[in-house]
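The listed protein sequences derive, respectively, from chains A and B.
When the letters of the first sequence are read in order and numbered with this note's numbering, they come out as residues 1 to 359.
When the letters of the second sequence are read in order and numbered with this note's numbering, they come out as residues 1 to 513.
Some hints could be false.
[Claimed, not checked] Quick partial rundown of chain B residues pointing at chain A, CB under 8 angstroms, derived from the structure:
1. Gly-347
2. His-353
3. Leu-354
4. Leu-362
5. Lys-363
6. Pro-374
Calculated directly from the structure, the hints in this document are not laboratory data.
Note that CB positions come from ideal geometry on N, CA and C, so glycine has one too.
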Amino acid sequence: MCVGRRAPSRLAAAAAPIVSVLGALAAGAIVLAASGVNPLAAYGALVSEPFGSAFGWSETLVKAAPLVLTGLAVLLPARMRLWNIGAEGQLQCGAIAAAGVAVFTAAGRSPLAVPSILAAGMAAGAVWCLVPAVLRAVLAVNETITTLLMNYVALLLVDFLIYGPWQDPQGRGFPLSPVLPAPSRLPVLVPGTRIHLGVALALLAVPAVAAILTRTRWGFEIRVIGDNPDAARYAGMDLRRNIILVMAAAGALAGLAGAGEVSAVSGRLQQGLSPGYGYTGIIVAWLARLHPAATVLVAVLLGGLFLGGDALQISLHLPIAIVYMLQGLIFFFVLGGEQLARYGVCFRKRPAAAAEHRA
Amino acid sequence: MIPPASLRSVEMRGITKRFPGVTANDGVDFTAAPGEIHALLGENGAGKSTLMKILYGFYAPDAGEIRVHGTHKVWRSPGDALRAGLGMVFQQFMLVPSLSVVQNVLLALPPRGWRLDERAAASRLAAEAARYGMAVHPRAQVWQLGVGEQQRVEILKLLARGAGILILDEPTAVLTPQEAHSLFATLRRLADEGRTVIVITHKLSEVMAVSDRVTVLRAGRVVGTIPTARTSLWDLARMMVGRESFDLQDRAPVPPGPVVLEIRHLWADGDRGRDALRDVSLDVRAGEIVGVAGVAGNGQRELAEVVAGLRRPTRGRICIAGSTLAGADPRAAIRAGLGHVPEDRLGTGVAPHLSVADNLVLKRYREAAFGRGPRLDRAAVNEAARGLIEAYGIQTPSPDAPAGALSGGNLQRLILAREISAHPQALVAFHPTRGLDIAATEAVHRALLDQRPRGTGVLLISEDLDEVLQLSDRVAVLCGGRVMAVARPGDVTVEQIGLLMGGAREALSGTTA
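Looking at chain A on its own, in the form it has when it is part of the complex (with noise of 0.2 angstroms):
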């Protein structure tokens, strides 16, 4: 049974998430111990390698760009209860609009050509969750169904055109897209770092969201409608037309990440672009509390754990899975611990007089 408490006490909110990450790590301990490895030196790897160098902190920066952008492609929607669980399949067509403009089109090859890629990365994302979003505004179509079947599509589509069309015709038969053209490449900003212009674009997308929902009008109807939709209509707002905006650019920003991936990580279209950013932007957005600025907290913390789960696959010989479990494992616990934090727990026997249900 559950007792709401007046107000979470501030100790316990304090504490909370740091005790639940502890919680999720010692859970994740008892599996590691179970597979024979020694928890310890897996975590130790876990976390020196991310964080224990500069060149490390670098290559977590580069991991967590893609998932500040996807955690703000779920935190706008999810401001107004819409739940995009297509921010996998978003990045994906960006990455295949992104490579599309940069291989196939004179663009690519124009001194216009990263702002072309990225732009057209935009466009993809945003056109890919329009589908979701126009079945939800004109049909009431649940968009967590659609967004997620969504992202199947998207990473089929990127399988025919490498394995069909746009196979590299000098990749002796390997499912790989040709290599962008350099001008198509984003720029490296810290030289001797793989950190892209896309890492910055990133950070420059938080603060850009937190004033869209603080400081403008579309960000008041946005926050309205989340709050209390009936209230928002009672007002005069256009319901269907912010489900479309607030989707659209959902997309153009998962959308982002994906064409940053291709141009400036992987270097062209293939299979296993993204680890699983769009779905770990899930993770991102409601760690952060649907908080702007504190997803790139969660990003830097989740995209160390990506990399640490590179070193453990090399060093201890674990299958990626093992982060996927450890961010499970984190979600789970952060979220519960919330629970507990908003509630006390006490178990009682059912009175006798428990009898008032409401009509």
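Let chain A serve as the given structure and place chain B on it in line with the hints.
Leaving out everything else, chain B in the frame of chain A:
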């Protein structure tokens, strides 16, 4: 006239039930006998439903005792009452839409063995339905049924459980006159077999048509219990409303201006059925307060929603200060100059987790004063909010406090401040003082009366008859989605209003419309 103890199936003595801020039942005595249809009559908030929910075990009374067939009972849950042979049909039906009629009835039965013989149950059900004159297809899916049929399924569920005491809460509210007629025939047959039928209602003509005895409640107390044959519509109306006269508020006469809200031949569907509004025509002139009286659920909500552009009318039109509204477009209504104090303050009137300041500009955030282009100027918003908080005396720790944390009275001040400060041509106020204390109520009344010299036309919809009669220049009475009559408060008596609210238009001859 109280039946001897041996003939009482239901006996409630000194029932008292308090909710925070209100005593719903105050020492109520109520008895019903086998074989009778007993009407429980009263205005909204008179305590009818509470009393019956206590009888049915939904609420535990704070004081008083219940006897069923002479035995003292303490219910721990409605399950106890069901086992003792009581059953209640609520206004909201409790059916599983995706299951068939017979499956719904079987669901209501206590589990008995593993085998479920649906075919046999269906034929038994059909026989039972035919016996009481209820047209029901046992194999039909519930979602395909109209409300009248669904209600019959609810009654069949109770009969299948062997209920000897049936309680129906406003059973005709959603029925057509023909359906109501056949329901009455069914109820009469059930009573003739020795069951006790209790009907909660506010419709006087129904009481006269169907009941053997009637108990009238007012403000949580019993006004009286009388055999229906010995009373009249007029007596019942007086008992229900409980006043011989009412006070007319003193105020300066304001010459009525042009029509600012024109409602013509308006029809609209309700959430729970068709034609919640039937051919409603009404004018509100500048500087005039037009009250809408009536018992809740007679089309008031639909009227307010259609006028505010929140519900699409099926026929007819609405004109606000000369611009005709098409379909359902709340923004067009706001632009045409409509203010709206909604029925559900917290659920419709505000975004409760957003700040008081945000809520004060909920309809004005598009104005140029609050920033150029896409920008929303927080400083300008806060500035405007501070002015309104001051001018309307909204008690809030700061403009940044969440609106949901305000008390009911302050929330209503916030909404009034927002709606009135927009200088509307017409203002719809729906239950503007429900649940407010005396000070807040007076503030709201003053704010509404202040609209008259400002030239705003007010449509005041309220269940509180005193409020409507005190404030209004003209009163329209709604019943069953129709305007029964429009009159000046000084030209009608309380009984006449009560009769009209109860749907007895024919009893009112000679009154102006």
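To see whether the hints hold, each was checked on the structure:
The interface hint given for B:Gly-347 is met, as the beta carbon of that residue sits about 6 angstroms from the closest beta carbon of chain A, less than 8 angstroms. Hint status for B:His-353 relative to chain A: holds, with the closest Cβ pair at about 5 angstroms, below 8 angstroms. At a threshold of 8 angstroms, the smallest CB-CB gap from B:Leu-354 to chain A is about 6 angstroms, leaving the interface hint in force. Interface restraint check: B:Leu-362 against chain A, minimum CB-CB distance 5 angstroms, threshold 8 angstroms, status holds.
At its closest, the beta carbon of B:Lys-363 sits 5 angstroms from a beta carbon of chain A; the interface hint therefore holds under the 8 angstroms criterion. Because the beta carbon of B:Pro-374 sits about 5 angstroms from the nearest beta carbon in chain A, less than 8 angstroms, this interface hint is met.
Hint compliance for this structure: every hint is met.
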